[in-house]
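J.: So you can see what is in the structure, the chains are spelled out below.
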Amino acid sequence: MTHLATLFPSLPSALAGDGDAHGTAHRAAEGAAAAATWIGGATAHPEYSWAGWILLLPLLSAVFCFLCGAFRVKNKLPALVTIAALGSAFGLVLTLYLKYDPTHASGPMTVHLFDWIRVVWGEKPGQSFVADWSLYIDGLTLFWMLFVTGLGTLIAIFASEYMESDVGGNYCRFFGAVGIFLFAMGSLVMGGNLALLYLGWEGVGVASYLLIGYYYGKPTAVAAAKKAFVMNRVGDLGLLVGIYLTWRHFGSIDYATIFKACSETIANGSHGGDWTKGLIPYFLMLGAFGKSAQIPLFTWLPDAMEGPTPVSALIHAATMVTAGVYLIARLYPLFLLHPHALHTVAWIGGLTAFLAATIGMMQYDMKRVFAYSTVSQLGYMFLGLGVGTTFGACYHVFTHAFFKALLFLASGAVMHGFAGQLDIRKISGLRNVPGFKIVAWTMLIGCLWLSALPFTAAFFSKDTILLVAMTDESHGNRILAWLGLLTALMTAYYTFRVWFRVCGGETAYQPGDEAHGHDDHGHDADHGHGHGHSHGHAADAHGFHPHAPRFAINGVLLLLAVGAILAGLPGLIEFLKMGPNWAAEMIAASSATIGVPNLTEGLAGGHAEHAHHATVLGMDGHTAMFLLSTVAGFGGIAIAAYYHLVRRRAAETLKQALLANPLIGWLPRALENKWYVDELYDALFRYPIVVFGGHVLAWIDRYILDGGIINGIARIPAWIGRLFQPLYNGLLQGYAITMVGGIGLILAWIVYVWMKGGI
Amino acid sequence: MTTVLPSLASGLASVALAASDAVVSPADPRLVQVALVISVLLFVIGLIGFLTRRNMIMMFLCTELMLQAACIAFVTFGRMHMNASGQVFVIFILTVAAAEAALALGLVVLLYRKRETLSSEAWAELKE
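Residue numbers (this note's numbering), protein chains in the order written: chain A, 1076 to 1834; chain B, 140 to 267.
Everything labelled a hint here was simulated from the structure, so no lab data went into it. Note that the Cβ used here is the ideal one computed from N, Cα and C, for glycine as well. Possibly wrong hints are sitting among the right ones.
[What the hints assert, rightly or not] Label pairs and their in silico Cβ distance ranges:
{"no.": "1", "chain 1": "A", "residue 1": "Ile-1791", "chain 2": "B", "residue 2": "Gln-172", "range": "48 to 54 Å"}
{"no.": "2", "chain 1": "B", "residue 1": "Leu-249", "chain 2": "A", "residue 2": "Gly-1787", "range": "39 to 45 Å"}
{"no.": "3", "chain 1": "A", "residue 1": "Ile-1791", "chain 2": "B", "residue 2": "Leu-242", "range": "35 to 41 Å"}
{"no.": "4", "chain 1": "B", "residue 1": "Ala-241", "chain 2": "A", "residue 2": "Gly-1816", "range": "54 to 60 Å"}
{"no.": "5", "chain 1": "B", "residue 1": "Ala-237", "chain 2": "A", "residue 2": "Ala-1823", "range": "34 to 40 Å"}
{"no.": "6", "chain 1": "B", "residue 1": "Ala-261", "chain 2": "A", "residue 2": "Val-1826", "range": "35 to 41 Å"}
{"no.": "7", "chain 1": "B", "residue 1": "Gln-172", "chain 2": "A", "residue 2": "Asn-1804", "range": "36 to 42 Å"}
{"no.": "8", "chain 1": "B", "residue 1": "Glu-260", "chain 2": "A", "residue 2": "Val-1828", "range": "37 to 43 Å"}
{"no.": "9", "chain 1": "A", "residue 1": "Arg-1790", "chain 2": "B", "residue 2": "Gln-172", "range": "52 to 58 Å"}
{"no.": "10", "chain 1": "A", "residue 1": "Gly-1787", "chain 2": "B", "residue 2": "Leu-200", "range": "26 to 32 Å"}
{"no.": "11", "chain 1": "B", "residue 1": "Gln-226", "chain 2": "A", "residue 2": "Val-1828", "range": "28 to 34 Å"}
{"no.": "12", "chain 1": "A", "residue 1": "Val-1826", "chain 2": "B", "residue 2": "Ala-237", "range": "33 to 39 Å"}
[As the list claims (entries may be wrong)] To spell it out: a stretch of chain B is covered by chain A in this simulated footprint if at least three of its residues, at any positions, have a beta carbon under 8 Å from a beta carbon of chain A; those stretches are:
{"no.": "13", "segment": "207-219"}
{"no.": "14", "segment": "254-264"}
Generate the whole structure from the sequences, applying the supplied hints.
T.: Written as structure tokens, this is what we have:
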């Protein structure tokens, strides 16, 4: 334990308040070779144009699936095609990684596929808007694409069995949307400019909307889809404005150009441009917060669990919601444009992690618990980005993707087997139910990993983040680290609360209210009152036989468990000093290092920075963090074990006691009701709009616009008409005389002019 | 009337002249004058008839008179410019007038059936 200190990855604070120039100079002096070369421009590699197939394959499979829907295919063909396409895409990413090897390449690579938008109205820089279909490939890109396509393939395999009750049109629709999602995600991650990123950003939003609202017959699902879409619009507007400002200040939206300009800016220590330049990170941040469900835009993600569980696993846990983290990591240099941008990110992340964890402790819906834990873990990632460890944040994305997908798919298997049952009070002892052994034990792995117990993957990734936050004394980062530790305790508690309730204890279960294994948890409205006997007469195991998962579900769960274990390997290798951390190398070989000093310290093997590490509780930072997070993890599990495994009745007693207490009785109520955030938003935004739009504007429309202006103008011709109405006597001859008289007058006038010699 | 009659007289004289003479210039102003005077007379007769009669059939016939007056003017001017367009127009007008006559008489029959009278005053409430 004593030399843990020297073994642990050390990533001191990147951004002390005094500016970025200092950090860069520091790094330059240190000569961190890998990072320095990556600041240079990207090189074009047209020979890699086959990488475009990584995007094209999912798109083609989506088209194929929709065609299957049009031709009424009633078998699993769409699933097979999607699995094949996604698997091939994963193979291509892997080939690209092996051939290109970002950790040893000399710089990022761009691959130009074809021209797209080219608007040029002048010669000077900034007088053009060029967005081609080009790929920007570096360590970050490949790091992301590896788990996106890999998990996409696995989850498509899982879904092929999970969705089988929908075989037919809906099955085609599901896999078509998955194909669209993978295409959009690929464009988001691999695109070489911000326009492609935005295209992908909106594309994943559309796919998410389509899949949350997959059960479009269910009002809660439709409402959840709408909510996700609307809340994401708020964030996306921020992203759009951020992209516009970026283009305005850099004259380009190409990554290569932007990063080059940023590196020069950082090196010179000067920020040109007007004050709007400092707004860029804040607008981009808003986009990231929307997509990654951070305060204030986090409430859509728990509701998004209305979608089918594979979608929750793929889109709303593992890949799409990490797009915000990707955005900030990818555009890290832009976040140095304002001194407080990253501190904002850190605080938002830390607070979201804490808030979501508190809500997660009091939910009874399995998927909702995991949804809040996703929000919470995303908060950790933003905390990591904010305190300057892009490596920690991205590595946590990577590890989280595996164990959270595993947890979701395991709860999906439970839903599949128990007719949509998700209430953790109504299933117990799953480990002894025949056919569910694999589900229960792989779920345990997921829970252990989520709790970040020592030597699990999340332990390496999360504690990197917390360590950096803890050893940084500026801007209250240390407070955030303590908050993060408290969150870790809560995480372990709520995770094992689920596992002990569902898998531990005596075997007893009630089926859900879905006859055919559809997803359903629209009954959370009655969760709040602590009754466990509402679903009537099916409350015993006699009339109901759980539908045990078969090969595809079990196989994917096992593969994901293996994946989750392997995801911790890079951290373990570094921990045991057997070599550099693969993930750190990958992130170091990307734009996420620009402006981040010492990222490659672990690679260089130098620990020269340790001297100024703050001590924590009188110990060296590494040792202290190791002990603290171990205590937090095991502490949370111990509390969960007491209340939810050993003495389950104690939990209910405690809850009643708390509710009866007038002083803190509001707390459990507030937690069960998700801190009333939805109600707050309703009061702040929805009701004002309803009242203002429905009553005030409607009144203005009816009485001022319609009544006053429009009908007023319409009345003018009527008045004029009434003025001349007496001329019309209805007699044909009268009209004829008028006509003749008119002609006569005209003729007389012509003759008069003629006589005067006018013509 | 004081100017019309002498010109009519000279016009008739020129027609007589034309009959006696073998060669008449196509654009002879006298010929044009006579034809135009006839056209004007026809038109005025029609107009007066239209304004004074109340019988719808008579009114319709008067409009036909005015139309034919216009036709004569067309042919005359065509002759004056040695151009066939005037005659072509007249052929068109005749065709359209035939159709229009059928339509108008049909209308008159319908109107008659509604009010059992041919007087145009029966339809004065259309003023609103």
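J.: Next, verify each hint and record whether it holds.
T.: Verification of the hints:
1. Between A:Ile-1791 and B:Gln-172 the C-beta distance comes to about 52 Å, which sits within the given range of 48 to 54 Å.
2. Range check, B:Leu-249 to A:Gly-1787: Cβ separation about 42 Å, and the 39 to 45 Å hint holds.
3. Here the CB-CB span from A:Ile-1791 to B:Leu-242 is close to 37 Å, well matched to the stated 35 to 41 Å.
4. At roughly 31 Å, the beta carbons of B:Ala-241 and A:Gly-1816 sit outside the given window of 54 to 60 Å.
5. For the pair B:Ala-237 and A:Ala-1823, the supplied restraint of 34 to 40 Å holds, since their beta-carbon distance comes to about 35 Å.
6. The given range of 35 to 41 Å is respected by B:Ala-261 and A:Val-1826, whose C-beta atoms sit roughly 39 Å from each other.
7. Judged by the Cβ atoms, the range 36 to 42 Å given for B:Gln-172 and A:Asn-1804 holds: they are separated by roughly 40 Å.
8. Here the CB-CB span from B:Glu-260 to A:Val-1828 is close to 39 Å, well matched to the stated 37 to 43 Å.
9. The hint said 52 to 58 Å for the Cβ distance between A:Arg-1790 and B:Gln-172, and at roughly 56 Å that hint holds.
10. Taking 26 to 32 Å as the suggested C-beta distance range, the pair A:Gly-1787 and B:Leu-200 does not conform, at roughly 49 Å.
11. The beta-carbon spacing between B:Gln-226 and A:Val-1828, approximately 32 Å, falls within the hinted interval of 28 to 34 Å.
12. For A:Val-1826 paired with B:Ala-237, a C-beta distance near 36 Å keeps the hint of 33 to 39 Å intact.
13. Here's how the segment 207-219 of chain B fares: 0 of its residues keep a CB closer than 8 Å to some CB of chain A, so the rule of at least three is not met and the hint is violated.
14. Under a criterion of three residues with beta carbons nearer than 8 Å to beta carbons of chain A, the stated coverage of the segment 254-264 of chain B is upheld, 5 such residues being counted.
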